[in-house]
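Enquirer: Here's the letter readout for the chains.
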Amino acid sequence: MSAIIENPPVGQRERDVEEVETVTIRFAGDSGDGMQLTGTQFTNTSAIVGNDISTLPDFPAEIRAPAGSLPGVSGFQLNFSSRDIRTPGDEPNVLVAMNPAALKVNLADLEDGGTVIVNTDEFNKENLKKANYESNPLEDDTLKGYRVHRLPITTVNIRALQEAGVKLSRKEMDRCKNFFALGLLYWLYDRPMEPTLEWITAKFKKNPEIVRANEVALKTGYNFADTTEVFTTHYKVKKAVITPGKYRKITGNEATAIGFVTAAELAGRPLFYGSYPITPASDILHELSRHKNFGVKTFQAEDEIAAVCAAIGASFTGHVGVTGTSGPGVALKQEAIGLAVMTELPLVIINVQRGGPSTGLPTKTEQADLFQAVWGRNGECPAIVVAPATPADCFHMAIEAVRLAYRYMSPVFYLSDGYLANGAEPWLVPEIEDLPVIEVKFADDPATFMPYARDEETLARPYALPGTPGLEHRIGGIEKQHLTGNVNYDPENHHFMVLMRQAKVDRAAQDIPDVEVFGASEGKVLVLGWGSTYGSITSAVERMQAEGKPVSSAHLRHLNPFPANLGEVLRSFERVIVPEMNLGQLATMIRAKYLVPAVPFSKVKGRPFQIREIVRKVEEYL
Amino acid sequence: MSTNGQEGNGNKRTEEQAAGGIGGNVSGAGPSPESEPGSVTAGRPAPPPGKLTKADFTSDQEVRWCPGCGDYAILNNVQKVMPELGIPREKIVFVSGIGCSSRFPYYMNTYGFHTIHGRAPAIATGIKASNPDLSVWVITGDGDALSIGGNHFMHAIRRNLDLNYILFNNRIYGLTKGQYSPTSEFGKKTKSTPMGVIDYPVNPLSLAIASGVLYLEHGKPMVFGKDRDKGIRMNGTLPEVIQLGSETGLNENDCLVHDSHEKDPSVAFMLARMEFPSFPQPVGIFRDVQRDTYEDLMAHQIEEAVSRQGRGQLQKLIHSGDMWVVD
Numbered sequence: 001m002s003a004i005i006e007n008p009p010v011g012q013r014e015r016d017v018e019e020v021e022t023v024t025i026r027f028a029g030d031s032g033d034g035m036q037l038t039g040t041q042f043t044n045t046s047a048i049v050g051n052d053i054s055t056l057p058d059f060p061a062e063i064r065a066p067a068g069s070l071p072g073v074s075g076f077q078l079n080f081s082s083r084d085i086r087t088p089g090d091e092p093n094v095l096v097a098m099n100p101a102a103l104k105v106n107l108a109d110l111e112d113g114g115t116v117i118v119n120t121d122e123f124n125k126e127n128l129k130k131a132n133y134e135s136n137p138l139e140d141d142t143l144k145g146y147r148v149h150r151l152p153i154t155t156v157n158i159r160a161l162q163e164a165g166v167k168l169s170r171k172e173m174d175r176c177k178n179f180f181a182l183g184l185l186y187w188l189y190d191r192p193m194e195p196t197l198e199w200i201t202a203k204f205k206k207n208p209e210i211v212r213a214n215e216v217a218l219k220t221g222y223n224f225a226d227t228t229e230v231f232t233t234h235y236k237v238k239k240a241v242i243t244p245g246k247y248r249k250i251t252g253n254e255a256t257a258i259g260f261v262t263a264a265e266l267a268g269r270p271l272f273y274g275s276y277p278i279t280p281a282s283d284i285l286h287e288l289s290r291h292k293n294f295g296v297k298t299f300q301a302e303d304e305i306a307a308v309c310a311a312i313g314a315s316f317t318g319h320v321g322v323t324g325t326s327g328p329g330v331a332l333k334q335e336a337i338g339l340a341v342m343t344e345l346p347l348v349i350i351n352v353q354r355g356g357p358s359t360g361l362p363t364k365t366e367q368a369d370l371f372q373a374v375w376g377r378n379g380e381c382p383a384i385v386v387a388p389a390t391p392a393d394c395f396h397m398a399i400e401a402v403r404l405a406y407r408y409m410s411p412v413f414y415l416s417d418g419y420l421a422n423g424a425e426p427w428l429v430p431e432i433e434d435l436p437v438i439e440v441k442f443a444d445d446p447a448t449f450m451p452y453a454r455d456e457e458t459l460a461r462p463y464a465l466p467g468t469p470g471l472e473h474r475i476g477g478i479e480k481q482h483l484t485g486n487v488n489y490d491p492e493n494h495h496f497m498v499l500m501r502q503a504k505v506d507r508a509a510q511d512i513p514d515v516e517v518f519g520a521s522e523g524k525v526l527v528l529g530w531g532s533t534y535g536s537i538t539s540a541v542e543r544m545q546a547e548g549k550p551v552s553s554a555h556l557r558h559l560n561p562f563p564a565n566l567g568e569v570l571r572s573f574e575r576v577i578v579p580e581m582n583l584g585q586l587a588t589m590i591r592a593k594y595l596v597p598a599v600p601f602s603k604v605k606g607r608p609f610q611i612r613e614i615v616r617k618v619e620e621y622l
Numbered sequence: 623m624s625t626n627g628q629e630g631n632g633n634k635r636t637e638e639q640a641a642g643g644i645g646g647n648v649s650g651a652g653p654s655p656e657s658e659p660g661s662v663t664a665g666r667p668a669p670p671p672g673k674l675t676k677a678d679f680t681s682d683q684e685v686r687w688c689p690g691c692g693d694y695a696i697l698n699n700v701q702k703v704m705p706e707l708g709i710p711r712e713k714i715v716f717v718s719g720i721g722c723s724s725r726f727p728y729y730m731n732t733y734g735f736h737t738i739h740g741r742a743p744a745i746a747t748g749i750k751a752s753n754p755d756l757s758v759w760v761i762t763g764d765g766d767a768l769s770i771g772g773n774h775f776m777h778a779i780r781r782n783l784d785l786n787y788i789l790f791n792n793r794i795y796g797l798t799k800g801q802y803s804p805t806s807e808f809g810k811k812t813k814s815t816p817m818g819v820i821d822y823p824v825n826p827l828s829l830a831i832a833s834g835v836l837y838l839e840h841g842k843p844m845v846f847g848k849d850r851d852k853g854i855r856m857n858g859t860l861p862e863v864i865q866l867g868s869e870t871g872l873n874e875n876d877c878l879v880h881d882s883h884e885k886d887p888s889v890a891f892m893l894a895r896m897e898f899p900s901f902p903q904p905v906g907i908f909r910d911v912q913r914d915t916y917e918d919l920m921a922h923q924i925e926e927a928v929s930r931q932g933r934g935q936l937q938k939l940i941h942s943g944d945m946w947v948v949d
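In order, the protein sequence lines correspond to chains R and L.
Reminder that position 524 of the first sequence reads as 524 in my numbering, one-by-one numbering, no gaps.
Reminder that position 227 of the second sequence reads as 849 in my numbering, one-by-one numbering, no gaps.
Note that these hints are calculated values from the structure, not bench results.
Worth double-checking, as some hints may not be accurate.
As the list claims (entries may be wrong) - Covered by chain R, according to a simulated footprint, are these stretches of chain L (three or more residues, beta-carbon under 8 Å): (1) 770-781; (2) 843-854; (3) 861-870; (4) 937-944.
As the list claims (entries may be wrong) - Derived CB-CB ranges, DEER-like: (5) R/520 to L/948: 47 to 55 Å; (6) R/564 to L/689: 49 to 57 Å; (7) L/848 to R/495: 54 to 62 Å; (8) L/695 to R/495: 52 to 60 Å; (9) R/144 to L/945: 42 to 50 Å.
Even glycine gets a Cβ: it sits at the ideal position worked out from N, Cα and C.
Bound-form chain L, shown alone (with noise of 0.2 Å):
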């Protein structure tokens, strides 16, 4: 996937020219479908969890993004993670919507539902509510998540589902070449939008934090600089950049301490807006606050019913309700 979208056309990847060539060994008169199974690779025997290897995790799929493409990053990074997770590889599924990221799926080899435009965060919801087991990751992209799927993205937040959200924030769509996305910058010349793009970006992190997402860790001054020589401190409600050392007499005591586990959100909102140049720009743990989580609330609920009403009976069901006989 570019960057910018602006590349040549000896780089164009339409999403017909980038899957052609994957699967060219069907026959040429047709599959039938009395064949044998060949020697496919969906299922390979599951090793023992915790001996997993970065290569359990790696499909047999050619990996098609362009040459260069951050996409390969995150994909290596992924599969190499894994396996440290400790769970069991058959637990584990990728869902995906459209664009370039989300052939991810294909390149993982657990299971894997490559979906429609927008939509994944949707399918993810019906799989990890009627199955809680399973650790479900949703691979999207700026315009899959923020655009045709903005909608999804904020219910599936709000509901706080435990999922795992990697959004590839390219700020391009890349699959079809190259027009703006909800996240490209304003005045971003591309081929919809030569003239520079005039809506305004959304901050995919804002979002999120403003639909109630909950995460990660926490506890230390905000502190920067490749000579952690800068810090963020409060100036009335307004971040500040202020700078550290004798020069100005200001040490970490004086900036601001990162509490993940704070509930109110307005801080980590206050984060989430912090954009370069004008400040650093925040990576890591911004939110991670407990709450229950839509599959255990609903799977209780279930429970609950159970035990005050008994485990439903088909019989009593059906004779409910006004009855009476006819002789």
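The shape of chain R in the complex, shown without the other chains (with noise of 0.2 Å):
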């Protein structure tokens, strides 16, 4: 093996070059394989040379279950192609199974006549038992009907490593065979490899022994497709023709942390995040902490309630107060979001949805907390509610948080969910210039001031900071007089206070964008969608379109109140389907509030809709 990796033969035999369009691979392994890191180099590369992406890791909720099992298997899926893609891809076309267990879990989503690229030196009896396998499936007729490619990862990525004089131990030099099965995918698809060559170099760099194995086993990976006859045909997907402009690869979780950043900066305060770590959501954090050259203040609090209450009280001191959680730790802070909707302070309440009830499925996807966010507090306790469609979208909707915070002080829910907190997109980087200003205003006359007066187009109070001579007032939890702020128990002043603070909400309304229509305006049936759904839903009506159907779809990224015009256009269609990963709870605020038939389409598996899903739904409405 030696002499390949010195003299990669590249171009040495003619091969079949295919050109597909559109490809979807699910790398799948042990949870100790590293198999989001495979994912992810090829997702990046893939990105660099000119394709769309849509990624979806799907990672066991235990850190290692044991070595083998089907509960440790860890699946990174992503879709690449040479025009506009949405979605990570209904069905793999490619599988890469370094276990059996990892094909036990993933065999069944592959497509027929697929591909799959197994390890065979870990299809030995333990192993095999493990996944619960009664007999071999490389040797029985479990892989009928698929392309499969048996290759000895394991034996070939070492054997390679000791020809090379990598002076590892035989477990470290183990670890690097992701970099080989990557390889071998590099070559299929006709990847480079400098880009991960290059990530090698940096990411390694206090230890060249290890940068040396890994490029020698991405290398012989590449090479040892190259040069057997393994493969007979190699693809190449051409760049996809997307918007010009500057890109950058990017997950929900980092476009939210960085969209937070920008906020504050357009805002000209600086950010402060509070967060108690919690599956989905803890890489904001993360990412949060490294920006404190913004002047951002992260503070990991003892629970989600000191977190919540933190970020309130720098609000209260002008800040940018964000506090960031998943679905178990919203239900902890309500009682301090409700006491920040009485004090009527800007704050913002990131939520990453994952399944649920309870600790329910931490990795998994999940939109079932609209109705948390929405009327999940005690008392008529409203508060605006957004939500991203898209992993770069995410940037764009924390500023659209920030600047309804500030504009109406109140409380905003920001509501992501694991599918794009995880998931990756290309994001068409934005001019700063190109970016809103967000204006906060502070009470600053004492002769004029007064706590819960209230601005003529928005209702919102003054924001009056401590520190400021002559604005000292009292807030609090108790229902506040009219004007003064004062405690005040009166009917007439409660019932008033009550309206006034939901019809601030509702009078947001004025300051968020129409809901946009995908295709005609009216027709036969709307697809409504909200969140995540966004990437499944347009794919699916833009099919369906293609192929002359009536079919429109609108997605919501203001959940309440709801854009002006929603009433409107949901009563310009006969009938109007939402797809959601809950049991309908869109489809019941719709229903509500302009009275539509609307008909929910649930799905609660803890993974996002398959574009044909849709369409087959939808179909049965046409």
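Since each chain comes alone in its own frame, lean on the hints to assemble the complex.
Expert: And the structure:
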């Protein structure tokens, strides 16, 4: 093998080259096999060569379930294409299975006739038993109908590293085998190795031997595919025709964190982020804690309640107070969010939704916290609710959340989910000057200051920061007297203030864009979505429109209040179908508010909708 | 606030009743948002610092604790002491939780935040960490700080924020009318423990010291009693009370000297555990050890990040990572 490494015989053999438009690959292995890293590297390289990309990582809730077991399988699906794509793909064309458990968990998702690449070295008696295989699937009919490539990845990788003189333990060398697999796939799909080689050098610069081992593994995989006749064909996926500009691959959580840093800069106020570690929101805390040079204060609190309370305290002093968590954390924060509603302070609550109830499915996605955001507190307690539609959209909606929080002196829920948080797509990076300025006004005149007077246009109360002479005042959770803000139990005043707080949130509708219809503005069926279902819905509707079917779609990024034109849009269609990863929460809301016979289409499996699932559902109504 | 919650019906005050009459001056039909500002006292012009009096710290709100409650004395004294601190009024924030004591901020003419049950230290943490210039006072009670808010109490102290913490410990839930609190004595009969409390009380100072509380002043032998004729000394690992004078031949040189600057908290902890009647009830400065505050460390990390990386440039932040250009 060493000869191959030193003299890559690129182009030694002529192989068939086939051009394909879109490919979906799923890398699957043990959670210790580095599949997330492999998938991420393939994604980055594909983005850099100009394909459109969309990814879906799928990892176990356990940090490290027993090696080789079914719960320990970690997967990473990516879709790359020469055209505009919006989802990680319905079904993989290629499955890379590093052990029997990975094959067992993922095979059912593979397309008929799809390609399976297996690491035969791991298909031993012990691993087969752990994966509940009674006989070896490589030897029975399990893989009938698929194109199967049986490769002794472990052995070839170790031998290559040994022959290259890498001075690492066998165990350490074995850990490089994901790069071997990546090399194979790079050859198969005609990707350059340079971006990954550069990444390896930078990542492991403190350990040159690991750099070398990973390089050798990657190149060996590539050359192994090239020189052996394992693959008869390799594939090209041309550059995608997408909007020109500067792009960057970004996950939803990265875009969320950067979005809030940006929002704080646009507002000219420091960001304060209070959070308690929770999957899948913790990455936001990690990312923000790296941006202290923007004046960002991150506070890892003792619990969820302290995290939101500290953010409220920071908001009171004029910081951009943000707290981030997932569903169970929101449940704990709700009383404090009620306090922020009552004291009418700006606050953003990030909820990276995951499968519930209770601990539920911590690493899987769901959209079942819409009701919790809109109605989940005691009393009449309205808050603004926004939801990003794609990983890159998280950046823009973070800015939108802060803008609305300041403009309406109101808590704003920001509903992301596990799929957006960990999924990635190319982001057309904006220019700073194209971003909106966030206006923040502070009260400063003791002669006219009234803590609960209201802005005529927005009904927001004035924002008076501690430290401002002459504006000393008291706020709190007890009902406030209109204008003075004094404690007040008068029945008329309470009724008035309840209406006022609701009217204020309702007025935000004047400040949010109309919902746009994708396709004809009236017709037979409208598919309405919110949050991360955007990709699947839009792709499904686009496909049906291409076949001439009378289907349109609309996507909500503002859930409370709704855009002002929503009622009119809904009433322009005979039927409204609402695909949601819950039991019909948005559908319930629009049925209640607009009296339209909306049909919920529910999927609560911890996984996003496939395009074809939506197509099939909509066709029932055509 | 009563001391035992056993008062008769005539003296009962629910939270609703307590505040019922405070602001009855909203006109009947419901106020209109377009109303012109009225004559509220939310903001009075700030007199120059140093010339403030107790009246400057007194808000226009009627104080509504039960007659004879010790809370009045605390309020009175805090209002009296405030001018002596020389801190401009606008830089002072009182933050409270829920309970009788937590109405306190409404009565102080400073910035105030009456928050939710047990969470005052968490909100105060956000205030102090985001604006270290403010003088932040947490007002809490035994139930608020040690029961529902026990976790925040411990962590706020552990983090060492420069907060002032006033805990009104009356060993009962007063606002909800007389259930036992975490500091109620073992065996105490209350509304919720008609046969006596069967949990052992927590000692707030022990908890504070165990959590790493840092405060106070230092340096004298521990002598007490009306005639200063008793003292504390160590007997092995335990403290004991000794009689001073010619009869015993013991004097203040035999007593333990209080060293509030001692880094090791053991003696402070021991002092906190001393309770009447076996011992004198210690008051004063238990512990005073210097340590960097959370808000200073937080601000310092930001300064360091800026000096190391330069002030963050938005353009650079957004345009980073693996970028590519589509023509």
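Enquirer: Just pull the numbers of the violated hints for me, sorted ascending.
Expert: When the structure is compared with the hints, numbers 2, 3, 5, 8 turn out to be violated.
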